[in-house]
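Protein chains in written order, with our numbering: chain X, 1 to 163; chain Z, 164 to 735.
Wrong hints could be hidden among the right ones.
[As the list claims (entries may be wrong)] The calculated label-pair distances, taken between Cβ atoms and stated as ranges, are:
| # | chain 1 | residue 1 | chain 2 | residue 2 | range |
| --- | --- | --- | --- | --- | --- |
| 1 | X | G21 | Z | N298 | 36 to 46 Å |
| 2 | X | I30 | Z | G271 | 54 to 64 Å |
| 3 | X | E140 | Z | Y651 | 49 to 59 Å |
| 4 | Z | P349 | X | G160 | 23 to 33 Å |
| 5 | X | K159 | Z | Y626 | 57 to 67 Å |
| 6 | X | E96 | Z | R345 | 51 to 61 Å |
| 7 | Z | P349 | X | P80 | 52 to 62 Å |
| 8 | X | G157 | Z | P349 | 23 to 33 Å |
| 9 | Z | Q351 | X | A137 | 47 to 57 Å |
| 10 | Z | E182 | X | G157 | 51 to 61 Å |
| 11 | X | K159 | Z | R345 | 34 to 44 Å |
I should point out that these hints are in silico values taken from the structure, not numbers from a laboratory.
Using N, Cα and C, we set each Cβ at its ideal position, and we do this for glycine too.
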Amino acid sequence: MRHILSVLLENEAGALSRVAGLFSARGYNIESLTVAPTDDPSLSRMTLVTTGSEDIVEQIKKQLNKLIDTVKLLDLSEGPHIEREMMMIKVRAVGEDREELKRLADIFRANIIDVTDTSYVVELTGASKKLDAFIKAVPEGLIVEVVRSGPTGIARGEKGLTL
Amino acid sequence: MELTGAEIVVQALIDEGVEYVFGYPGGAVLHIYDALFKQDRVKHILVRHEQGATHAADGYARATGKCGVCLVTSGPGATNAVTGIATAYMDSIPVVILTGQVPTPVIGSDAFQEVDTVGITRPCVKHNFLVKEVNNLAEIIKKAFYIATSGRPGPVVVDIPKDVTDPNRRIPYHYPREIRMRSYNPVQKGHLGQIKKAVDAILEAKRPVIYTGGGVILGEGSETLRELVKLTGFPITSTLMGLGAYPMTDAQFLGMLGMHGTYEANMAMHETDTLIAIGARFDDRVTGKIEHFCPHAKIIHVDVDPSSISKNVRVDIPIVGPVASVLQDMVRLLREQGREADRAALADWWTQIEQWRGMKCLAYDRTSDKIKPQYAVETLYKVTGGELYLTSDVGQHQMFAAQFYPFDKPRRWINSGGLGTMGFGLPAAMGVQLAFPDAAVACISGEASILMCIQEMATCKQYELPIKVVLLNNGYMGMVRQWQEFFYESRYSHSYVDALPDFVKLAESFGHVGMRVERPGDLEGAMREAFGMKDRFVFLDVIVDPTENVYPMIAAGKGHHEMHLSPERELA
Ligand SMILES: Cc1cc2nc3c(=O)[nH]c(=O)nc-3n(C[C@H](O)[C@H](O)[C@H](O)COP(=O)(O)OP(=O)(O)OC[C@H]3O[C@@H](n4cnc5c(N)ncnc54)[C@H](O)[C@@H]3O)c2cc1C
Ligand SMILES: Cc1ncc(C[n+]2csc(CCOP(=O)(O)OP(=O)(O)O)c2C)c(N)n1
Ligand SMILES: [Mg+2]
Numbered sequence: 001m002r003h004i005l006s007v008l009l010e011n012e013a014g015a016l017s018r019v020a021g022l023f024s025a026r027g028y029n030i031e032s033l034t035v036a037p038t039d040d041p042s043l044s045r046m047t048l049v050t051t052g053s054e055d056i057v058e059q060i061k062k063q064l065n066k067l068i069d070t071v072k073l074l075d076l077s078e079g080p081h082i083e084r085e086m087m088m089i090k091v092r093a094v095g096e097d098r099e100e101l102k103r104l105a106d107i108f109r110a111n112i113i114d115v116t117d118t119s120y121v122v123e124l125t126g127a128s129k130k131l132d133a134f135i136k137a138v139p140e141g142l143i144v145e146v147v148r149s150g151p152t153g154i155a156r157g158e159k160g161l162t163l
Numbered sequence: 164m165e166l167t168g169a170e171i172v173v174q175a176l177i178d179e180g181v182e183y184v185f186g187y188p189g190g191a192v193l194h195i196y197d198a199l200f201k202q203d204r205v206k207h208i209l210v211r212h213e214q215g216a217t218h219a220a221d222g223y224a225r226a227t228g229k230c231g232v233c234l235v236t237s238g239p240g241a242t243n244a245v246t247g248i249a250t251a252y253m254d255s256i257p258v259v260i261l262t263g264q265v266p267t268p269v270i271g272s273d274a275f276q277e278v279d280t281v282g283i284t285r286p287c288v289k290h291n292f293l294v295k296e297v298n299n300l301a302e303i304i305k306k307a308f309y310i311a312t313s314g315r316p317g318p319v320v321v322d323i324p325k326d327v328t329d330p331n332r333r334i335p336y337h338y339p340r341e342i343r344m345r346s347y348n349p350v351q352k353g354h355l356g357q358i359k360k361a362v363d364a365i366l367e368a369k370r371p372v373i374y375t376g377g378g379v380i381l382g383e384g385s386e387t388l389r390e391l392v393k394l395t396g397f398p399i400t401s402t403l404m405g406l407g408a409y410p411m412t413d414a415q416f417l418g419m420l421g422m423h424g425t426y427e428a429n430m431a432m433h434e435t436d437t438l439i440a441i442g443a444r445f446d447d448r449v450t451g452k453i454e455h456f457c458p459h460a461k462i463i464h465v466d467v468d469p470s471s472i473s474k475n476v477r478v479d480i481p482i483v484g485p486v487a488s489v490l491q492d493m494v495r496l497l498r499e500q501g502r503e504a505d506r507a508a509l510a511d512w513w514t515q516i517e518q519w520r521g522m523k524c525l526a527y528d529r530t531s532d533k534i535k536p537q538y539a540v541e542t543l544y545k546v547t548g549g550e551l552y553l554t555s556d557v558g559q560h561q562m563f564a565a566q567f568y569p570f571d572k573p574r575r576w577i578n579s580g581g582l583g584t585m586g587f588g589l590p591a592a593m594g595v596q597l598a599f600p601d602a603a604v605a606c607i608s609g610e611a612s613i614l615m616c617i618q619e620m621a622t623c624k625q626y627e628l629p630i631k632v633v634l635l636n637n638g639y640m641g642m643v644r645q646w647q648e649f650f651y652e653s654r655y656s657h658s659y660v661d662a663l664p665d666f667v668k669l670a671e672s673f674g675h676v677g678m679r680v681e682r683p684g685d686l687e688g689a690m691r692e693a694f695g696m697k698d699r700f701v702f703l704d705v706i707v708d709p710t711e712n713v714y715p716m717i718a719a720g721k722g723h724h725e726m727h728l729s730p731e732r733e734l735a
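Put together the whole structure using the sequences plus the hints.
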């Protein structure tokens, strides 16, 4: 099953490589990983998407918790949560395609954030599946480049993943 | 007090109560060596190879329970130390390794003797640090000792760039007495609810087995373990790493379990209905094929590291906590219950176990005119009266020692189990002998293993360490030859140790005593003579039967009930 894990890490040099090293050394799947400092600059928050049997995911969580730099870990998939990913997609936009792409962006509530005579950059935020759907919806041959942030997530409700 | 970075390193070791540092100098650590020179509180032991430094610090830690310390230079010094670091890591041994690094301004420029020590060691340490600022040095060293020795112990590397130890820069020194880390809080006590569940299961058990491991020794749980075993009357077996935590001469002890474990221990594992695992990690050498592992058992597992629990085998009653306190709670709750397990069932179970014991799975040919390695270990036991610190290298000799030298105390059997590092034995014995200068310390080894750290004989001479090397010389990498005999139709590919040195002369050339024994009748006398030389390092080259194999044996991928007992006695 797919799990989305949120990890608070000490914002130390090398903390990221410890996580990456753990996954490669133990042969765990890693679908995506995003990391950035939090409002407390001494902490980073990492969101990690992984897949595996329940036993493996249990081990992944234990191993992540075991890292000395890990302050807290939450498996968002265990409760109601919100998942968001950001995508910027550069498309070729000439002639009739310009209108078509604009309409598509509107339907998906995406923003066109860069325009040239021949191209758009479209920005879209949402659940990863929505991003996948947008990519599928773009007419064949128009995609120049896709950049995705990888998912980040937060639990619903008033409780927070804080110290 | 204002100190330089180098002085801070040394002062921190003093404040930490460190007796010995095992090390080898080089450019990046010269400031530290200069600071060592100017004091006499911390004793430095000059090894002859950095691998020796790590194993010696490791042996010291295993024998004393204290943290071992080593100091090596950057680049090749650090890479030479890696095998020893990984060895300590696999067996959860507390060691702090100080490595020199090139100065911070040139890190990343492929400077002379630069390697990414933090990167190279990351997968085989509990944690590591790169000290970027002398102001952080004292606190990082404190953290290193704290992390290495608490929770599930392990090695911690502190990488110190040369400019951090600059002799021209002084800063105020303060060594924190205690340290707290928000990201690291090892469990201090087991969950009482879980322990109660375990006690209930223990009281319901009909065919129980207690299976203990290195964690009982690491966590100083031996005393309470003895109480538990006596209180319950249950049979107990141990992994290679846990030997001595419970007296091996006691009737309730079934011998080691696993690949080369006893018939009675492995059969009891196969038939048990309640397995009580304590400080053991269900290693593949122990479980054999997982599908056949303890097929009838409810499993209780006590371990301080949550990631050890349900890693290889799914357990029914997990208890995360340090062995000593969990066992105390367990014993207390059992006493409070005032109930007993099913005595009649337990008596039947013991009858069954005695039947298995009756197979005498460790029997060997006592009439041979060659020295059998088993006989050599038995004689070693007889001569030393069980009062030995015995370190080991890796191979058949290690297994024979585990099977035939019954340890009655913890921290007496010192060997590399998880990594299985040939070359471990001799340097580890140095650490043990320094920790206990008056104790009898021996290293059991093979002619292949001993050559991997043979240079440490010079260290033994320099510090006059009266270690006894007992070499079971079979002329082969015996353990490899055994596998080739069983699984490769006796094609002994590169396992014959050709062109061996004359070990007697070799020992003598290092300034030691060398002796050779070739006949069974001479062995006991030779050993008595060797151990009689209390202030000399003696190298005893024992020529043993080259064809002997270690039995019982469970082949890889087989279950506990599928043991080979000997060539003559195959089980169905
Ligand atoms: C040639 C060769 C043959 C071998 N054959 C065998 C064999 O036949 N049988 C065998 O048993 N082994 C054998 N081994 C050793 C094997 O590879 C493993 O090293 C060994 O089985 C592991 O022992 P252990 O489970 O006690 O774990 P250890 O490595 O000692 O681990 C200790 C466990 O205790 C936990 N722990 C640590 N401190 C505490 C504490 N304070 N409180 C609670 N828990 C704690 C740790 O988290 C860990 O899970 C062999 C090795 C070699 C080299
Ligand atoms: C550093 C290292 N290299 C290789 C091995 C694989 N290995 C395990 S046992 C063994 C042979 C050991 O031979 P010896 O020391 O003579 O002991 P014996 O088995 O003959 O008692 C080898 C090569 C190892 N464990 N460690
Ligand atoms: Mg040999």
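Is 34 to 44 Å respected by the C-beta to C-beta distance linking K159 of chain X and R345 of chain Z? This hint is violated: roughly 19 Å between Cβ atoms.
G160 of chain X and P349 of chain Z - C-beta distance against the hinted 23 to 33 Å: 25 Å, holds
Holds or violated: the 51 to 61 Å window for the beta-carbon distance between E182 of chain Z and G157 of chain X? This hint holds: roughly 54 Å between Cβ atoms.
Mind checking the hinted window 54 to 64 Å against the Cβ distance between I30 of chain X and G271 of chain Z? Because 26 Å falls outside the window, the suggested range is violated.
Taking 51 to 61 Å as the stated bounds, is the beta-carbon spacing between E96 of chain X and R345 of chain Z within them? 58 Å, holds
Taking 36 to 46 Å as the stated bounds, is the beta-carbon spacing between G21 of chain X and N298 of chain Z within them? 28 Å, violated
Within 52 to 62 Å: is that where the Cβ-Cβ distance between P349 of chain Z and P80 of chain X falls? 32 Å, violated
K159 of chain X paired with Y626 of chain Z, Cβ distance criterion 57 to 67 Å: Given about 59 Å between the Cβ atoms, the range holds.
Within 49 to 59 Å: is that where the Cβ-Cβ distance between E140 of chain X and Y651 of chain Z falls? 57 Å, holds
For the range 47 to 57 Å, tell me whether the beta carbons of Q351 of chain Z and A137 of chain X fit it or not. Because 56 Å falls inside the window, the suggested range holds.
Is it true that the C-beta distance of G157 of chain X to P349 of chain Z lies inside 23 to 33 Å, as the hint says? This hint holds: roughly 30 Å between Cβ atoms.
Hint compliance for this structure: hints 1, 2, 7 and 11 are not met, and every other hint is.
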